[in-house]
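Each protein sequence line maps, in turn, to chains C and R.
Heads up: the first sequence begins at 147 in this note's numbering, then just goes up one per residue.
Heads up: the second sequence begins at 8 in this note's numbering, then just goes up one per residue.
Worth flagging that the hints you see were computed from the coordinates, not collected in a lab.
Among the hints, a few may not be true.
[As the list claims (entries may be wrong)] Across the chosen pairs, the derived CB separations fall in these ranges:
hint	chain 1	residue 1	chain 2	residue 2	range
1	R	Arg110	C	Glu179	47 to 53 Å
2	C	Gln169	R	Lys65	33 to 39 Å
3	R	Lys65	C	Ala245	32 to 38 Å
4	C	Asn148	R	Ile77	39 to 45 Å
Note that the structure is predicted; figures quoted are calculated from it, not measured.
Glycine residues also receive a C-beta, built at the ideal position from the N, C-alpha and C atoms.
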Amino acid sequence: MNIKEYISSGVVESYVLGLLTAQEKFEFEQYCEAYPELKEARDSFERAIEKQAMENAVPPPAGIKERIRSAIQQTPKTSKIISMEPTTRKSSSYGWLAAASIILFLVAGYFAYNFYNQNKELKKSNQEITGKLNNVDSLLNERKALEAENVTVVNMMAMKPNAPSANIYWDTTSANVYMLVKNMPKLASDKQYQLWSLIDSNGLKPTSLGLFDGGQEKVIIKMNNAQKADAFAITIEKRGNTGGPDLGQLQNMGKTKLQ
Amino acid sequence: MGCFFCLSFGQLLEPNTKYDEQQLVVLLNEQSNDAFNYLYDHYSGALFTIINQIVPDKETAGDVLQEVFINIWKKINTYDASKGRLFTWMLNIARNAAIDKIRSKGYKDNQRNQPIMETENSGMAVSSNPSVSDVGLKKVLTKLNEESRKLIDLSYFQGFTHEEIAKMLGIPLGTVKTRIRTAIIQLRTMIQ
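Construct all of the structure, not just a fragment, from the sequences and the given hints.
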């Protein structure tokens, strides 16, 4: 196509003035994408028309602005409007109307279906997020507990090469005991770790603060409460151990007071 | 985020600010009151003039103007800047609304009741009606020869398709197309 000829054919002006048929209009828009000089010619005629119209503007009768303002305040803008751009007229528009209404119906159906699916997905991800938030919430609560004033932090010293790595947070007021697990090697399926509190005056008689599984990293575990403790210890026991600690399997030990 | 925009753009919207089109479109999409004020104050005259050239009665033209601004407000999210300037888009909405008005049954019935209306071409209102302000495009039209003027009037101001004009004037469709293009090219040289 000779773009110079096309530009000077009057098509630019016809487009701007809305005098092209739908087909011609479509073509023109396609060419505009491909030929910057066509777009430039369009823009320059648009500016000329605009300038002309602005210079010759006659003010409308008074009061219209207020009428429009109250009208637009009553009709909230709908979020999505199907484009009804002016197209070239036909003397009978009923055929078009019928076609348009069918298309509108299909488009509406399509949107309804999409919205339905989107809604379902949103609900699902909403649930997921709520679940995650709850987790975060309880973690935060635990964090708060850990940062309270009367909390003693006990660093559990490793007694064996492959010992777990953990800190005990012991709230001496509420007697709550939390264990922050940094790293806890996995155990055979019939074994569990067990946390103990030891009291000096008792001849270091151990009290169980609970059993827990290995293979965990960076979690906070709420253990049984301890009213008194001079030291904490972690051992490896049979799963569900109800007896005393197997001190041969002592993994970690930490004292609550610096001596 | 929305509020952040309201604030920052709100500050731009001092009474005497001039906006570029892009800003204005963003603000209209946010349904900014100030943007509406600016839009109306800035463009209502030009749009009213084109409407009034198609709908000679000032009061009816005012009604059409109202309808046009409501439409602009509602449909601003369909405006596509890649297809042309905001004013061109609004001008076409105004022209189409005005043509719809003169073709509406109510309007035609009303015209029939008017005592004497200068008509021609199977009863269509004609632009040479002296009550129409001869400004803007219409003024430019007066510089065209009789035939070109008639063609532009029928196609642009009365919205007839080329087929309709061909039938009306009893000339072949191809001739109508060529002559309208020629008239439009003449028009361009007069405007620019």
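Outcome of the hint check:
1. The hint said 47 to 53 Å for the Cβ distance between R/Arg110 and C/Glu179, and at roughly 34 Å that hint is violated.
2. Our hint of 33 to 39 Å for C/Gln169 and R/Lys65 holds, since their Cβ atoms are close to 37 Å apart.
3. For R/Lys65 and C/Ala245, the Cβ-Cβ distance of about 37 Å falls inside the hinted range of 32 to 38 Å, so the restraint holds.
4. Between C/Asn148 and R/Ile77 the C-beta distance comes to about 43 Å, which sits within the given range of 39 to 45 Å.
In summary, the structure is inconsistent with hint 1 from the numbered list given earlier, while agreeing with all the others.
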